[in-house]
Amino acid sequence: MTEPAPLIDLAGIGKTYGSGTVALAGVDATIREGGFVSLVGPSGCGKSTLLRIVAGLIAPDKGGLSWPASGTRPSDIGFVFQDATLMPWARVAENVWLPLKLKGIAKEEAMPRVREALARVGLSDFADAFPRELSGGMKMRVSIARALVTEPPVLLMDEPFAALDEFTREKLDDDLIALWQDQRFTTVFVTHSIYESVYLSERVLVMGARPGRILADIAIDAPFPRGRAFRESQAYVETCAKVSAALREGAAI
Amino acid sequence: MNSRFARILVPLLVGIAFLALWEGLVRASGVKPFVLPAPTVIAGSLIQNFGSLMASLWVTFRVTLAAFLLAVVGGVGLAIVFSQNRLIETALFPYAVALQVTPVVSIAPLIIIWVGYDRVEIAVLILAWIVAFFPILSNTTLGLRSADHNLRDLFRLYGASRRQVLTELQLPSALPYILAGMKISGGLALIGAVVAEFVAGSGAATGLAWRIVEAGNRLDIPRMFAALFLLSTLGICIFFALTLLERRLLRHWHESAVRREV
Numbered sequence: 000m001t002e003p004a005p006l007i008d009l010a011g012i013g014k015t016y017g018s019g020t021v022a023l024a025g026v027d028a029t030i031r032e033g034g035f036v037s038l039v040g041p042s043g044c045g046k047s048t049l050l051r052i053v054a055g056l057i058a059p060d061k062g063g064l065s066w067p068a069s070g071t072r073p074s075d076i077g078f079v080f081q082d083a084t085l086m087p088w089a090r091v092a093e094n095v096w097l098p099l100k101l102k103g104i105a106k107e108e109a110m111p112r113v114r115e116a117l118a119r120v121g122l123s124d125f126a127d128a129f130p131r132e133l134s135g136g137m138k139m140r141v142s143i144a145r146a147l148v149t150e151p152p153v154l155l156m157d158e159p160f161a162a163l164d165e166f167t168r169e170k171l172d173d174d175l176i177a178l179w180q181d182q183r184f185t186t187v188f189v190t191h192s193i194y195e196s197v198y199l200s201e202r203v204l205v206m207g208a209r210p211g212r213i214l215a216d217i218a219i220d221a222p223f224p225r226g227r228a229f230r231e232s233q234a235y236v237e238t239c240a241k242v243s244a245a246l247r248e249g250a251a252i
Numbered sequence: 000m001n002s003r004f005a006r007i008l009v010p011l012l013v014g015i016a017f018l019a020l021w022e023g024l025v026r027a028s029g030v031k032p033f034v035l036p037a038p039t040v041i042a043g044s045l046i047q048n049f050g051s052l053m054a055s056l057w058v059t060f061r062v063t064l065a066a067f068l069l070a071v072v073g074g075v076g077l078a079i080v081f082s083q084n085r086l087i088e089t090a091l092f093p094y095a096v097a098l099q100v101t102p103v104v105s106i107a108p109l110i111i112i113w114v115g116y117d118r119v120e121i122a123v124l125i126l127a128w129i130v131a132f133f134p135i136l137s138n139t140t141l142g143l144r145s146a147d148h149n150l151r152d153l154f155r156l157y158g159a160s161r162r163q164v165l166t167e168l169q170l171p172s173a174l175p176y177i178l179a180g181m182k183i184s185g186g187l188a189l190i191g192a193v194v195a196e197f198v199a200g201s202g203a204a205t206g207l208a209w210r211i212v213e214a215g216n217r218l219d220i221p222r223m224f225a226a227l228f229l230l231s232t233l234g235i236c237i238f239f240a241l242t243l244l245e246r247r248l249l250r251h252w253h254e255s256a257v258r259r260e261v
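Chains as they are written, first to last, in numbering that gives the first Met the number 0: chain A, 0 to 252; chain B, 0 to 261.
Treat the hints as calculated values from the structure; they're not laboratory data. For glycine and all other residues, C-beta sits at the position ideal for the given N, C-alpha and C. Misleading hints may appear alongside valid ones.
[Unchecked claim] DEER-style ranges, computed between Cβ atoms: (1) B/7 to A/135: 51 to 61 Å; (2) A/43 to B/257: 34 to 44 Å; (3) B/94 to A/150: 31 to 41 Å; (4) B/64 to A/165: 55 to 65 Å; (5) B/94 to A/29: 54 to 64 Å; (6) B/190 to A/71: 38 to 48 Å; (7) A/25 to B/80: 41 to 51 Å; (8) A/170 to B/244: 51 to 61 Å.
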């Protein structure tokens, strides 16, 4: 099997905040097209900072980021925050329309795509609802629909399911994998849950704090979709132990 | 007990009980009407002077409404300018504060002289506007800054223009703040109009405040109370109209206006 082409190349990325906190000290990584990569680590390891650098929301002060395949950062990048981050004054469909609206696409023209995005996350019946009428899991689905409505080549997720209960979270994990398999966007998924990172990803980048850096790069070969069988398998338990050991080693230094 | 029913009925009963007590005490004690008139006497005066009082009410209402609307336009407009340009905000905000903290009574004579006694209604309008303007400015300024940071990032990620950030994100985020400011300003515009009329004084002004001064000079206390009653009623109506507007605009999304199922 040939490896997919590199999509994002991170070379010696460093970021120090004004307060003197070193958020990232020389991060090197290559993220390949269509991959599902998780960044896992304790709070303060700079995983969210790294994600925001990839999104272009923060500029690194050292090193560089390149997009070997496209040359420049794609104009469509999906981003999902820890909170659903919806506009409370707008209906669900209007929230999903937002990325298209900001690009100047009129409502009538955008609506078929909005409806399709909502259908993909199973919320076709809630297009006219207001965010406050939805549960936490449903709001997160709207957020994912909004991120995917532009059919972006890259989806960045910053601890998206951290605030949800475990049942909702497992369901959303499976639904996310299904969407990813179907659409094949490259996903970078930040989480502080070892289990979630192992369950979801093809590859886990383990990060350590003070200063933020990559401690280990662990590949997970299990086929998709993974489901309950994988969650209960020996391979899953062993991989989780491996990630956990890498995190402990990082903390001990 | 139905809560909505109770919200109207309970204050109403308190009001009726209060008026009955007032009437009873005045009659029993034989207090003179020029010290404290009974509610029935006030009502009589209201009916007797209905024409002139209504004309004055209309004058006060008109000037209050105009001052309030100009305060909304000016306050929101200036806050938008502030949000787009930090330098202008830094340069002008202290003066907006100075205008606000200077008691309106103390600048009223000056404004009235400048505008001229023959155009006193414009002077009253300006003074009412000065009082009503600041709460809208400060609330809108705060509201425009209070937009969710992640949403701001999202707008940036999708390459939104400043104008789009303003109209699609900042103004909707600021709406609850603007409406809260409007509720304060509505009352203040009325207060400003009344104070300005008091200062303008004899003959020049024709609003309700002038009716109070006039009735006071003639020791026509029942008429004074009748004018006072109309003034309070106007204030209450302004407040409830703005509360209604607030509920209308925010009912779908803002915690303050959402009716919860208990």
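Violated hints, by number in ascending order, as checked against the structure: The structure breaks hints 1, 3, 6, 8; every other hint is satisfied.
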